[in-house]
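Participant: Now for the letters of each chain:
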Amino acid sequence: AQTVTQSQPEMSVQEAETVTLSCTYDTSENNYYLFWYKQPPSRQMILVIRQEAYKQQNATENRFSVNFQKAAKSFSLKISDSQLGDTAMYFCAFMKHGAEDGGSQGNLIFGKGTKLSVKP
Amino acid sequence: DSGVTQTPKHLITATGQRVTLRCSPRSGDLSVYWYQQSLDQGLQFLIQYYNGEERAKGNILERFSAQQFPDLHSELNLSSLELGDSALYFCASSPTLAGHHNTEAFFGQGTRLTVV
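From first to last, the protein sequence lines stand for chains E and D. Mapped onto the numbering used here, the consecutive letters of the first sequence carry residue numbers 2 to 121. Mapped onto the numbering used here, the consecutive letters of the second sequence carry residue numbers 85 to 200.
None of these hints come from the bench; they were simulated from the model. Hints may contain errors.
[As the list claims (entries may be wrong)] Heads up, simulated DMTMM-like pairs for lysine to aspartate or glutamate below, C-alpha to C-alpha not over 20 angstroms straight-line:
1) K74(E) to D87(E)
2) K56(E) to E188(D)
3) K97(E) to D27(E)
4) K120(E) to E53(E)
5) K113(E) to E137(D)
6) K74(E) to E16(E)
7) K116(E) to E30(E)
8) K56(E) to E16(E)
9) K97(E) to D124(D)
10) K79(E) to E18(E)
11) K93(D) to E138(D)
12) K116(E) to D124(D)
13) K71(E) to E53(E)
14) K97(E) to E138(D)
15) K113(E) to E18(E)
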């Protein structure tokens with residue numbers, strides 16, 4: 002079974018600075034996807050960034066980037082130029098790659114989350 | 085707005101009761117997933133439906149059941165409710181089986197269930 006571990010329950014950062022959230026996972030799968038989701042106080046789950054395991058290049062989305070280390074099973078999220086609106090819970094998630102017969106399970110396995118506070 | 089609609093937003097009920105949570109996926113999405121978010125268990129996958137058929141089961145209790153209707157909306161039924169069932173229940177949808185075509189799942193805003 003797959004597991005996702007986020008070792009930082011809470012973090013804080015000053016506005017405009019950079020912060021890195023850690024995530025490690027355990028799987029015997031070779032093809033999979035990794036995600037970072039953001040959950041602000043509104044409780045909406047918002048996809049921040051996605052990484053395909055077969056891609057060596059780290060994914061980036063504007064101020065958000067990841068450091069994907071497949072051998073180490075590590076998937077950290079870097080937020081640059083932090084903004085007050087980045088204050089939220091951040092969840093790392095794992096999903097198995099789909100099988101060609103369509104029998105895949107597309108469910109996400111989540112870590113416990115990191116509560117990020119951006120301070121003015 | 086993700087396009088996934090969940091009703092009701094809040095629900096308060098007593099122990100032993102039964103409730104139904106409803107989810108309307110994004111237009112055209114065939115897959116629906118249900119997740120439970122509680123303080124002690126975090127976010128857990130409950131069940132997935134694809135085009136009306138159950139596709140995968142997670143940590144779903146026997147007191148809980150779900151279905152997906154021909155119009156693709158889904159309902160999660162929770163019965164014999166206990167205090168520990170108090171949680172935020174999310175529905176998510178995706179166009180195909182997520183992972184099969186590299187599609188993301190879009191989440192609704194959740195239903196906050198409080199059992200008293």
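Participant: Determine for every hint whether it applies to the structure shown.
Facilitator: Status of each hint after checking the structure:
no.	hint	verdict
1	K74(E) to D87(E)	25 angstroms, violated
2	K56(E) to E188(D)	17 angstroms, holds
3	K97(E) to D27(E)	12 angstroms, holds
4	K120(E) to E53(E)	32 angstroms, violated
5	K113(E) to E137(D)	29 angstroms, violated
6	K74(E) to E16(E)	30 angstroms, violated
7	K116(E) to E30(E)	29 angstroms, violated
8	K56(E) to E16(E)	32 angstroms, violated
9	K97(E) to D124(D)	25 angstroms, violated
10	K79(E) to E18(E)	11 angstroms, holds
11	K93(D) to E138(D)	25 angstroms, violated
12	K116(E) to D124(D)	15 angstroms, holds
13	K71(E) to E53(E)	10 angstroms, holds
14	K97(E) to E138(D)	18 angstroms, holds
15	K113(E) to E18(E)	24 angstroms, violated
Hint compliance for this structure: hints 1, 4, 5, 6, 7, 8, 9, 11 and 15 are not met, and every other hint is.
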